[in-house]
Amino acid sequence: MTPLISVDHFSKSYEEVRAVRDLTFEVNRGELFGLIGPDGAGKTTTMRTLVTLLRPDTGSVTVDGMDVRTRMKDIRAITGYMPQRFSLYPDLSVEQNIRFFADLFAVPREELPARMDRLYRFSRLEAFSRRLAGRLSGGMKQKLALSCTLIHDPVLLVLDEPTTGVDPVSRNEFWEILHELRAQGVTIVVSTPYMDEAMKCDRIVIMHDGASLAQGSPRDLVASMTVPMYALDDRDLVMNFSRIETVPGVRSVQSFGDSLHITSDGDILPERLQSAIGGALGRDVHLRPISPSLEDVFIALIEEGGVHVL
Amino acid sequence: MSSEHLRFTGDPALPASEFAVSATDLTKRFGTFTAVDAISFTVRKGEIFGFLGANGAGKTTAIRMFCGLLPPTSGTANVAGYNIRTQSRYIKQTIGYMSQKFSLYEDLTVAQNIEFYGGIYGLTREHIARKTEQLLEELQLQDRRNKLTASLPLGWKQRLALSVSLLHDPSIIFLDEPTGGVDPISRRNFWRIIYEIAGSGKTVFVTTHYMDEAEYCNRLSIMYRGRIIEIGHPGELKERYGLDSMQDIFIHLVGGDIRPENTP
Amino acid sequence: MRRRLFAIIRKEFIHIFRDWRTLMIIILMPILMIVLYGYAITLDMRNIVFGVIDDARTTESRALIEAFSENGFFRPLHREIRRDDMEELFMRRDVHMVLVIPKTLSTDLITRRTATVQLIVDAGDSNVGTFVNNYAAQVLNIHNRRVNDTSPLLFTITPRIFYNPDMNSTHFFVPGLVALILMLISALLTSIAITREKETGTMEQILVSPVHAREIVLGKVLPYVFLGLINASLILISAWILFAVPVRGSLLLLGVLSLVYVFVALSFGLLISTVARTQLIAMFGTLMATILPTIMLSGFIFPIASMPDILQYFAQILPATYFLLIIRAIMLKGVGLAELWPEALILTGMGVLLLFAATRRFRMRLE
Numbered sequence: 238m239t240p241l242i243s244v245d246h247f248s249k250s251y252e253e254v255r256a257v258r259d260l261t262f263e264v265n266r267g268e269l270f271g272l273i274g275p276d277g278a279g280k281t282t283t284m285r286t287l288v289t290l291l292r293p294d295t296g297s298v299t300v301d302g303m304d305v306r307t308r309m310k311d312i313r314a315i316t317g318y319m320p321q322r323f324s325l326y327p328d329l330s331v332e333q334n335i336r337f338f339a340d341l342f343a344v345p346r347e348e349l350p351a352r353m354d355r356l357y358r359f360s361r362l363e364a365f366s367r368r369l370a371g372r373l374s375g376g377m378k379q380k381l382a383l384s385c386t387l388i389h390d391p392v393l394l395v396l397d398e399p400t401t402g403v404d405p406v407s408r409n410e411f412w413e414i415l416h417e418l419r420a421q422g423v424t425i426v427v428s429t430p431y432m433d434e435a436m437k438c439d440r441i442v443i444m445h446d447g448a449s450l451a452q453g454s455p456r457d458l459v460a461s462m463t464v465p466m467y468a469l470d471d472r473d474l475v476m477n478f479s480r481i482e483t484v485p486g487v488r489s490v491q492s493f494g495d496s497l498h499i500t501s502d503g504d505i506l507p508e509r510l511q512s513a514i515g516g517a518l519g520r521d522v523h524l525r526p527i528s529p530s531l532e533d534v535f536i537a538l539i540e541e542g543g544v545h546v547l
Numbered sequence: 002m003s004s005e006h007l008r009f010t011g012d013p014a015l016p017a018s019e020f021a022v023s024a025t026d027l028t029k030r031f032g033t034f035t036a037v038d039a040i041s042f043t044v045r046k047g048e049i050f051g052f053l054g055a056n057g058a059g060k061t062t063a064i065r066m067f068c069g070l071l072p073p074t075s076g077t078a079n080v081a082g083y084n085i086r087t088q089s090r091y092i093k094q095t096i097g098y099m100s101q102k103f104s105l106y107e108d109l110t111v112a113q114n115i116e117f118y119g120g121i122y123g124l125t126r127e128h129i130a131r132k133t134e135q136l137l138e139e140l141q142l143q144d145r146r147n148k149l150t151a152s153l154p155l156g157w158k159q160r161l162a163l164s165v166s167l168l169h170d171p172s173i174i175f176l177d178e179p180t181g182g183v184d185p186i187s188r189r190n191f192w193r194i195i196y197e198i199a200g201s202g203k204t205v206f207v208t209t210h211y212m213d214e215a216e217y218c219n220r221l222s223i224m225y226r227g228r229i230i231e232i233g234h235p236g237e238l239k240e241r242y243g244l245d246s247m248q249d250i251f252i253h254l255v256g257g258d259i260r261p262e263n264t265p
Numbered sequence: 014m015r016r017r018l019f020a021i022i023r024k025e026f027i028h029i030f031r032d033w034r035t036l037m038i039i040i041l042m043p044i045l046m047i048v049l050y051g052y053a054i055t056l057d058m059r060n061i062v063f064g065v066i067d068d069a070r071t072t073e074s075r076a077l078i079e080a081f082s083e084n085g086f087f088r089p090l091h092r093e094i095r096r097d098d099m100e101e102l103f104m105r106r107d108v109h110m111v112l113v114i115p116k117t118l119s120t121d122l123i124t125r126r127t128a129t130v131q132l133i134v135d136a137g138d139s140n141v142g143t144f145v146n147n148y149a150a151q152v153l154n155i156h157n158r159r160v161n162d163t164s165p166l167l168f169t170i171t172p173r174i175f176y177n178p179d180m181n182s183t184h185f186f187v188p189g190l191v192a193l194i195l196m197l198i199s200a201l202l203t204s205i206a207i208t209r210e211k212e213t214g215t216m217e218q219i220l221v222s223p224v225h226a227r228e229i230v231l232g233k234v235l236p237y238v239f240l241g242l243i244n245a246s247l248i249l250i251s252a253w254i255l256f257a258v259p260v261r262g263s264l265l266l267l268g269v270l271s272l273v274y275v276f277v278a279l280s281f282g283l284l285i286s287t288v289a290r291t292q293l294i295a296m297f298g299t300l301m302a303t304i305l306p307t308i309m310l311s312g313f314i315f316p317i318a319s320m321p322d323i324l325q326y327f328a329q330i331l332p333a334t335y336f337l338l339i340i341r342a343i344m345l346k347g348v349g350l351a352e353l354w355p356e357a358l359i360l361t362g363m364g365v366l367l368l369f370a371a372t373r374r375f376r377m378r379l380e
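Protein chains in written order, with my numbering: chain F, 238 to 547; chain Z, 2 to 265; chain V, 14 to 380.
The following block holds chain F by itself, in its conformation from the complex:
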């Protein structure tokens, strides 16, 4: 089956800023696909182009075989899009918001009650149907926004940082809903700056400075990082680890709460590293091997790529 989304050498600039540079990726049907990267990486520009709000400068972007430049209406009809900012009417109630979007998308009236029922069931918003959207908590607002984008049964769901600023519990719940939707066959493109959320996607593209650093399943990406990492649990050392940084075989050191994460340069055996660090500190230390996180992968990719970051 052909991919639902195909982005081919896509670039986009605003005045002087090159927001996206030569980006290429594909999203298969039924996939939960993540655009991962910090603010300014080009995630929003990419998503707005997918939903035909922006036109590519160069390269091509197609959704279900339709070009975003020419098939605006058709693409919008099958797509649900949730902008990064809460974009519903705060002075309309939950139900008024949903009905408004049902009218905009011309959802058949006889189907509306069943669809609203279904949306209320997963969002658990029914008890608040008369509450003004502006009075909802952050997590509930996001669920309402999601409900409004789902009212016309879109084939493709594009969600721009849906969980930014939302508390961890609501974030977790939101991702459970996304997995349910994927199980029902909806293709989802979601952007996030959080590495833990990236791990919940089927496939991701890691973006930085408008370009793609790496693509693939998050597990494969983590597995591809071959540089060994160790934790050194020592509460007193986290404040002052300069003596460790200069030990031969240590590539980088990072404090994490009450332990240090030490990346070795890969050529040195763990025992040798442990005794070298112990020697530098003048006492015995215990290095605990740990698996790198996606964030470590990200940092390694940027450092390898020679991308200048402050």
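One or more of the hints may lead you astray.
[As the list claims (entries may be wrong)] Derived lysine-lysine pairs resembling BS3-like cross-links, with alpha carbons at most 27 Å apart:
(1) V/K211 <-> F/K310
(2) Z/K93 <-> F/K437
(3) Z/K239 <-> Z/K46
(4) Z/K46 <-> Z/K93
Honestly, the hints are just simulated from the structure, not real lab data. Note that the structure is predicted; figures quoted are calculated from it, not measured.
With the hints as your guide, set chains Z and V onto chain F.
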């Protein structure tokens, strides 16, 4: 959860001056709503203390009381040795505050921002001039001193904001969600500086609901519906609950409960 | 098409009625404006205080002073003034005019059948100076005819003033004010209608639906036509109550044509809204584009016929120019549609054109 309030205090053997922050049954009510419900805890000097909670858990209200902006309804707290009820005006001189979102004026230049903040903390003209040069050099921003702050990359803005909040040499610095949305390398650089600051004896008090920020703290408290429901070192907490991330611990502690928003 | 349009209209009405504070401002502000401006802007002068230096002190001189005092325009300063005080009195604005009667008044009248009196007028404000001068000349004219009826003038002009026989300038200005306020309020209402949604981000959310530009534009205009109608009625009623401005023509015609005018103003505001990025820019743009041209160029104060050619052409494209003709004609002259249809047609055309432009200008993308 038991109705008994959990009480967390520091090592009683330590003299009071060892604590940068100590709260005792600190409570704030707005009408019938209890925003902060009898919280008691201590933060040691030089510690990086994480104050975690969802939006609306009572973090902001608690911080405002510590900064002397809101009087408590009952209970009390000491910040940098000053009582928040009676000595709030001394507190403002001894604390720094930085939030990623609001700290700097985007339409002022880098140098103007430093001068402005030096001015409102009452530093002398010479002191400000000296500090400005020193900061610009530390941050390698000499070339950009007359550039608008808006033109700086996010990582730089954030380091500038941090430096500015340290201009008056506070002994405690409050950071409000300092690195949300920042790229991982900038974040690690930022936290490297935070560890240096803490290493120099200043206390760092971080409020956040981002778990990746929480992972960097020496000690954490989790606030929920106005109460502190858990406190400890990250390693201890992970061991205690048999979970390997703060995210999982947070969800474990809070997620099973009926949340306030689910009762109309 | 119809369903999406109704959805937008319904939503706008919810916005309008949910925010009752803004609604009250929208309704009360025009009334406040008409009260303030209605009383402030008037060209009629009353109670012009004048001083007298009467060197003659004769029956004739007293008769002349009496002639000035007995009408409503002038009021004598009830004390003697000396020549030396005069300047100070003018400086303190105690008097606007001083009448100097020479010692020889009575003898001149007898020997030469004519006499000269001096009028010293404060023309610091040249308008006021001219008015005072004209009024005084009128008074002297009337007085001349009265004392000279033994030898009447060969010709006398007896003007008969139509439509506004008292030459009451309020009756002239209030219709203009109605035109100004309706234009300003209506254009403001819609100018923020789209920019507000751009700022809050809701526009981005609506755009990705299959909605058409014309549905958004029309859905934004129609609810405000209703508000505009309420505004127009309230303004006309307050003008009628407060300033006793008559409506000699058809009230229905006035209502219908006001609605057409409101529609033009709303469409204009909407056009601004599609171009401006923020609410603030939209509001300033609207203020600039409505107030100044309407006051200066529509014939509100200055007659269009006496403007330079280029400004006359410009006046031709102002909606207020046509509405002013219409409202003055209906209110003061009682003219009907038979005479006013060209203006009515031009206004309707303007509204349709502006709405069409707003639709074309409306961007379905974010760039």
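Hint-by-hint comparison with the structure:
{"no.": "1", "hint": "V/K211 <-> F/K310", "in the structure": "holds, 20 Å"}
{"no.": "2", "hint": "Z/K93 <-> F/K437", "in the structure": "violated, 43 Å"}
{"no.": "3", "hint": "Z/K239 <-> Z/K46", "in the structure": "holds, 24 Å"}
{"no.": "4", "hint": "Z/K46 <-> Z/K93", "in the structure": "holds, 17 Å"}
Comparing the model with each earlier hint shows a violation of hint 2 alone; every other hint is respected.
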